[in-house]
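Line by line, the protein sequences are chains X and H.
The opening residue of the first sequence carries number 1 in our numbering; numbering runs sequentially from there.
The opening residue of the second sequence carries number 1 in our numbering; numbering runs sequentially from there.
For the record, the hints were derived by calculation from the structure and aren't laboratory data.
Just to be clear, a hint being listed does not mean it is correct.
Said to hold, decoys possible - Cβ pair distances, simulated, as ranges: (1) Ala43/H x Arg127/X: 56 to 62 Å; (2) Gly174/X x Ile249/H: 32 to 38 Å; (3) Gly174/X x Asp220/H: 51 to 57 Å; (4) Thr116/H x Tyr201/X: 45 to 51 Å; (5) Arg179/X x Met28/H: 48 to 54 Å.
Claimed, not checked - Straight-line alpha carbon distances no greater than 27 Å define the calculated DSS-like cross-link-like pairs of lysine-lysine that follow: (6) Lys234/H x Lys110/X; (7) Lys27/H x Lys223/X; (8) Lys196/X x Lys173/H; (9) Lys173/H x Lys221/X; (10) Lys110/X x Lys97/H; (11) Lys118/X x Lys74/H; (12) Lys163/H x Lys221/X; (13) Lys203/X x Lys142/X; (14) Lys203/X x Lys79/H; (15) Lys203/X x Lys224/H; (16) Lys164/X x Lys141/X; (17) Lys221/X x Lys224/H; (18) Lys223/X x Lys224/H; (19) Lys141/X x Lys90/H; (20) Lys74/H x Lys61/H; (21) Lys142/X x Lys110/X; (22) Lys79/H x Lys101/X; (23) Lys163/H x Lys234/H; (24) Lys113/H x Lys159/H; (25) Lys164/X x Lys43/X; (26) Lys173/H x Lys203/X; (27) Lys159/X x Lys44/X; (28) Lys163/H x Lys196/X; (29) Lys27/H x Lys118/X.
In this text, all values refer to a predicted model and were calculated from it rather than measured experimentally.
Glycine included, C-beta positions come from ideal geometry on N, C-alpha and C.
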Amino acid sequence: MKVGLVDDRIIDLDKLKAIVSGIQGVEIVFSTLSAEEAYDQIKKEEIDLLIADIEMPHLSGYELADIIHTHALNISVIFVTGNSGYAVHAFELNVHDYIMKPYTRERLVKSIERLLEKTKSAEIHGRLYLKQKNEIHILQKKDIIFIERSGRSTTIYTKTGPIKTYQTLNELEGELRERDFIRSHRSFIINIHYVKNFSLYAKNSYIVTFDGIDEQAMITKEKVEFLQENYF
Amino acid sequence: MLYWGIIAILGVLCLYAFLSRLSISRKMKTLTEENKRFEEQRAQFNETFRVVRSERHDFLKHVSAIHFMLENGKNEEAKHYLDELVEGYKETNLSIKGERGVIAGILHQMYRKARTVDIDIIYDIDLPLSSLPLSDQQIISLVGNLLSNSIEACEEWQKRYNKQAFLTLQFYKRSGLYILQCKNSTLPIPPSILDHLFIRSGKTTKGDGHEGLGTKIIHDIVEKYNGFLDFVYKDEEFSIKIKIPAIKI
Numbered sequence: 001m002k003v004g005l006v007d008d009r010i011i012d013l014d015k016l017k018a019i020v021s022g023i024q025g026v027e028i029v030f031s032t033l034s035a036e037e038a039y040d041q042i043k044k045e046e047i048d049l050l051i052a053d054i055e056m057p058h059l060s061g062y063e064l065a066d067i068i069h070t071h072a073l074n075i076s077v078i079f080v081t082g083n084s085g086y087a088v089h090a091f092e093l094n095v096h097d098y099i100m101k102p103y104t105r106e107r108l109v110k111s112i113e114r115l116l117e118k119t120k121s122a123e124i125h126g127r128l129y130l131k132q133k134n135e136i137h138i139l140q141k142k143d144i145i146f147i148e149r150s151g152r153s154t155t156i157y158t159k160t161g162p163i164k165t166y167q168t169l170n171e172l173e174g175e176l177r178e179r180d181f182i183r184s185h186r187s188f189i190i191n192i193h194y195v196k197n198f199s200l201y202a203k204n205s206y207i208v209t210f211d212g213i214d215e216q217a218m219i220t221k222e223k224v225e226f227l228q229e230n231y232f
Numbered sequence: 001m002l003y004w005g006i007i008a009i010l011g012v013l014c015l016y017a018f019l020s021r022l023s024i025s026r027k028m029k030t031l032t033e034e035n036k037r038f039e040e041q042r043a044q045f046n047e048t049f050r051v052v053r054s055e056r057h058d059f060l061k062h063v064s065a066i067h068f069m070l071e072n073g074k075n076e077e078a079k080h081y082l083d084e085l086v087e088g089y090k091e092t093n094l095s096i097k098g099e100r101g102v103i104a105g106i107l108h109q110m111y112r113k114a115r116t117v118d119i120d121i122i123y124d125i126d127l128p129l130s131s132l133p134l135s136d137q138q139i140i141s142l143v144g145n146l147l148s149n150s151i152e153a154c155e156e157w158q159k160r161y162n163k164q165a166f167l168t169l170q171f172y173k174r175s176g177l178y179i180l181q182c183k184n185s186t187l188p189i190p191p192s193i194l195d196h197l198f199i200r201s202g203k204t205t206k207g208d209g210h211e212g213l214g215t216k217i218i219h220d221i222v223e224k225y226n227g228f229l230d231f232v233y234k235d236e237e238f239s240i241k242i243k244i245p246a247i248k249i
């Protein structure tokens, strides 16, 4: 998890740095005394978590969180502050945690660990090259929602629309070795990242609905169990 | 012959009467237990409602108090007053946000129980527990048993070490799975108990009068909904993770 730290007091920033750098699986991308610099960094959207003081000159931690919230950036926020008066805003902004100074190491570590627990999913990198007659289609693997085999063709449903191919599911399964892709059913490969709900279809299978599209896939009961046992 | 026939019929009738009495008394027992549970829930529900009502009732008074302080230039005092007020609201807000009444009741009651014995309790709830595809009754059994076991473990730990114990309840959804995780401080758990935890009732670290039923109930609910339960004990920390598939009915 990539973290950014901002506190206008050097002693507080050093404390944050010392604690955060000791947590496994966490990398500090920036650590700054200036809220403006933090703002520039946030815009790049390279961090997963911002730990910020609230009361800072020119730009407050609350305003930083507000920017993240209004732009729907995928960045969690932990406030570390000496003032509890902002707690009300924290409710509205869906801040992950609100820690009062002075705080213990344990308190901050536990909070970050809770966040790590929730966001434990590997980002999918890489592209998939699809050979179509005389052209090659390139798509980002992370944009694939699910793949369905029907008849003699295969449809790949992506965030930007469906793509047809004649490659078989077995061939595609070989290309999509990432953990988040599972062969949920004889005729389907799904990206678990987009799964929203299941609904009972038959005794041993469920219909899968996804975030972002109306099309549905199937999953067997065993694969739901597999998902529960091996993921998260 | 007729005599034996009558005796036999009478015998069968007696047996039938005895069996039906037995089943009625069993039913009575479960109904009484259920009734007791409902009573408890109603009390929790009423208590939460009372807290929310009193917060609302006092709202105007607080506003006018702050107004008065501000008008008289007592900014610092007003700020302090507001801080304390917010702290109180935060506590209630944690438990009632988006929840159905009875579930807010149990969450709030457990939170208060933990705070009274000074446990560092944190609810980290991404979406309402009420969204679990379980009946209210079962959500209450699940969460109630989880939290009360954790609170008891924390209390024992605090007694032994004279330090503050922690308890966190996390709830979030990933890939069509609801994930409920409860972590707490605990005194070492003997392997003989760990081995059978959540499988059998009757094994307990608690004193007389406890049947170790709570963990069995949790296990049964999870199983009924095709969920998955896993727990880890390490370095005086107990963590249980429950996954329940989001199945729409």
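Hints, verified against the model:
| no. | hint | verdict |
| --- | --- | --- |
| 1 | Ala43/H x Arg127/X: 56 to 62 Å | 60 Å, holds |
| 2 | Gly174/X x Ile249/H: 32 to 38 Å | 37 Å, holds |
| 3 | Gly174/X x Asp220/H: 51 to 57 Å | 41 Å, violated |
| 4 | Thr116/H x Tyr201/X: 45 to 51 Å | 48 Å, holds |
| 5 | Arg179/X x Met28/H: 48 to 54 Å | 53 Å, holds |
| 6 | Lys234/H x Lys110/X | 15 Å, holds |
| 7 | Lys27/H x Lys223/X | 39 Å, violated |
| 8 | Lys196/X x Lys173/H | 9 Å, holds |
| 9 | Lys173/H x Lys221/X | 19 Å, holds |
| 10 | Lys110/X x Lys97/H | 23 Å, holds |
| 11 | Lys118/X x Lys74/H | 44 Å, violated |
| 12 | Lys163/H x Lys221/X | 46 Å, violated |
| 13 | Lys203/X x Lys142/X | 31 Å, violated |
| 14 | Lys203/X x Lys79/H | 60 Å, violated |
| 15 | Lys203/X x Lys224/H | 15 Å, holds |
| 16 | Lys164/X x Lys141/X | 15 Å, holds |
| 17 | Lys221/X x Lys224/H | 14 Å, holds |
| 18 | Lys223/X x Lys224/H | 17 Å, holds |
| 19 | Lys141/X x Lys90/H | 42 Å, violated |
| 20 | Lys74/H x Lys61/H | 17 Å, holds |
| 21 | Lys142/X x Lys110/X | 30 Å, violated |
| 22 | Lys79/H x Lys101/X | 17 Å, holds |
| 23 | Lys163/H x Lys234/H | 18 Å, holds |
| 24 | Lys113/H x Lys159/H | 16 Å, holds |
| 25 | Lys164/X x Lys43/X | 36 Å, violated |
| 26 | Lys173/H x Lys203/X | 24 Å, holds |
| 27 | Lys159/X x Lys44/X | 23 Å, holds |
| 28 | Lys163/H x Lys196/X | 42 Å, violated |
| 29 | Lys27/H x Lys118/X | 43 Å, violated |
Against the hints set out earlier in the document, violations occur for numbers 3, 7, 11, 12, 13, 14, 19, 21, 25, 28 and 29.
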